[in-house]
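Per the numbering used here, the sequence shown starts with residue 564, numbered consecutively.
Rather than coming from a laboratory, the hints here were simulated on the basis of the structure.
All figures in this text were calculated on a predicted structure; none of them were measured in a lab.
Using N, Cα and C, we set each Cβ at its ideal position, and we do this for glycine too.
One or more of the hints may lead you astray.
[Stated by the list, open to error] Mimicking BS3-like on lysine-lysine, the simulated pairs with C-alpha atoms at most 30 Å apart in a straight line are:
{"hint": "1", "residue 1": "K687", "residue 2": "K603"}
{"hint": "2", "residue 1": "K578", "residue 2": "K662"}
{"hint": "3", "residue 1": "K662", "residue 2": "K583"}
{"hint": "4", "residue 1": "K633", "residue 2": "K657"}
{"hint": "5", "residue 1": "K631", "residue 2": "K583"}
{"hint": "6", "residue 1": "K583", "residue 2": "K630"}
{"hint": "7", "residue 1": "K603", "residue 2": "K631"}
{"hint": "8", "residue 1": "K657", "residue 2": "K578"}
{"hint": "9", "residue 1": "K603", "residue 2": "K584"}
{"hint": "10", "residue 1": "K583", "residue 2": "K657"}
{"hint": "11", "residue 1": "K662", "residue 2": "K687"}
{"hint": "12", "residue 1": "K584", "residue 2": "K687"}
{"hint": "13", "residue 1": "K633", "residue 2": "K578"}
{"hint": "14", "residue 1": "K662", "residue 2": "K584"}
{"hint": "15", "residue 1": "K630", "residue 2": "K584"}
{"hint": "16", "residue 1": "K687", "residue 2": "K583"}
{"hint": "17", "residue 1": "K603", "residue 2": "K578"}
{"hint": "18", "residue 1": "K631", "residue 2": "K578"}
{"hint": "19", "residue 1": "K687", "residue 2": "K630"}
{"hint": "20", "residue 1": "K578", "residue 2": "K687"}
{"hint": "21", "residue 1": "K633", "residue 2": "K603"}
{"hint": "22", "residue 1": "K633", "residue 2": "K584"}
{"hint": "23", "residue 1": "K630", "residue 2": "K578"}
{"hint": "24", "residue 1": "K584", "residue 2": "K657"}
{"hint": "25", "residue 1": "K630", "residue 2": "K662"}
{"hint": "26", "residue 1": "K657", "residue 2": "K631"}
{"hint": "27", "residue 1": "K583", "residue 2": "K633"}
{"hint": "28", "residue 1": "K657", "residue 2": "K603"}
{"hint": "29", "residue 1": "K633", "residue 2": "K687"}
{"hint": "30", "residue 1": "K631", "residue 2": "K687"}
{"hint": "31", "residue 1": "K583", "residue 2": "K603"}
[What the hints assert, rightly or not] Estimated spans, in silico, between C-beta atoms of each pair:
{"hint": "32", "residue 1": "V650", "residue 2": "V597", "range": "13 to 23 Å"}
{"hint": "33", "residue 1": "K633", "residue 2": "N675", "range": "17 to 27 Å"}
{"hint": "34", "residue 1": "P591", "residue 2": "A648", "range": "32 to 42 Å"}
{"hint": "35", "residue 1": "V597", "residue 2": "P649", "range": "21 to 31 Å"}
{"hint": "36", "residue 1": "K583", "residue 2": "N675", "range": "28 to 38 Å"}
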Amino acid sequence: MAQGWLIIERFENWKVDEAKKFAFFGLPHRNRNVAAEIAKGDLVFCYVSSGRSAFSDIRVVQETGLKKMKIQSYDDNFAYYFSTAPVLVLPPQKWLPIKQVASELDLTRGRNDYRPLLQTSIRKLTSHDVDFLQSRLRSASESA
564 MAQGWLIIER FENWKVDEAK KFAFFGLPHR NRNVAAEIAK GDLVFCYVSS GRSAFSDIRV
624 VQETGLKKMK IQSYDDNFAY YFSTAPVLVL PPQKWLPIKQ VASELDLTRG RNDYRPLLQT
684 SIRKLTSHDV DFLQSRLRSA SESA
């Protein structure tokens with residue numbers, strides 16, 4: 564089974580990703596060790612912070628390994644990237660607010676303040692969280 568990852572970005576960076584057809588995700592240098600574990604076929608769930616506080620899309624990793632950013636799409640802090648392709652992208656009005664699912668996710672369950680967990684650019688998800696988020700995001704995409 565593919566590993567699941569949570570990526571966290573500001574809305575402005577999500578808009579950059581959208582314009583680039585979700586073809587990559589940029590990371591700062593400090594996340595190189597964690598990101599070295601990312602493999603082709605892994606699923607990536609995007610959480611948009613900056614006042615949105617919601618899950619927006621699912622992407623799949625296209626190639627194993629990080630690459631150095633040649634043309635900077637975000638700010639200079641994001642020197643590396645891994646390639647992705649969209650699996651499911653929700654319009655912003657259908658995004659899944661974290662408050663609706665925090666008590667169900669292994670990542671946030673039982674925490675009064677989970678905001679510190681959502682300040683790191685990338686982190687592994689449990690298989691439960693992968694299945695749960697896939698189900699909830701697919702349901703959100705099918706709702707009227």
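Quick one: are P591 and A648 within 32 to 42 Å, going by C-beta?
-> Distance hint for P591, A648 is violated at roughly 22 Å.
Hint consistency between K662 and K583 [alpha-carbon to alpha-carbon, up to 30 Å] | At roughly 29 Å apart (the allowed maximum being 30 Å), K583 and K662 satisfy the hint.
Hint consistency between K578 and K687 [alpha-carbon to alpha-carbon, up to 30 Å] | Within the cut-off at roughly 23 Å; holds.
Is the Cα-Cα distance between K584 and K657 30 Å or less?
-> With Cα atoms ~19 Å apart, K584 and K657 stay inside 30 Å; holds.
Given the hinted pair K633 and K584, is their alpha-carbon gap at most 30 Å?
-> holds, 17 Å
Given the hinted pair K687 and K630, is their alpha-carbon gap at most 30 Å?
-> holds, 20 Å
Taken at face value, is the distance from the CA of K603 to the CA of K583 at most 30 Å?
-> holds, 19 Å
Given the hint that K578 pairs with K662, does the C-alpha gap stay at or below 30 Å?
-> Given pair K578, K662 holds - Cα atoms ~22 Å apart, limit 30 Å.
Going straight from one Cα to the other, do K633 and K578 come out at no more than 30 Å?
-> Holds, at about 19 Å.
Hinted pair K603 and K631, Cα distance within 30 Å = Within the cut-off at roughly 17 Å; holds.
Is the Cα-Cα distance between K687 and K583 30 Å or less?
-> holds, 24 Å
K662 and K687: Cα distance at most 30 Å?
-> Answer holds: K662 to K687 is near 20 Å, not above 30 Å.
Hint compliance for this structure: hints 4, 25, 26, 33, 34 are broken, all remaining hints hold.
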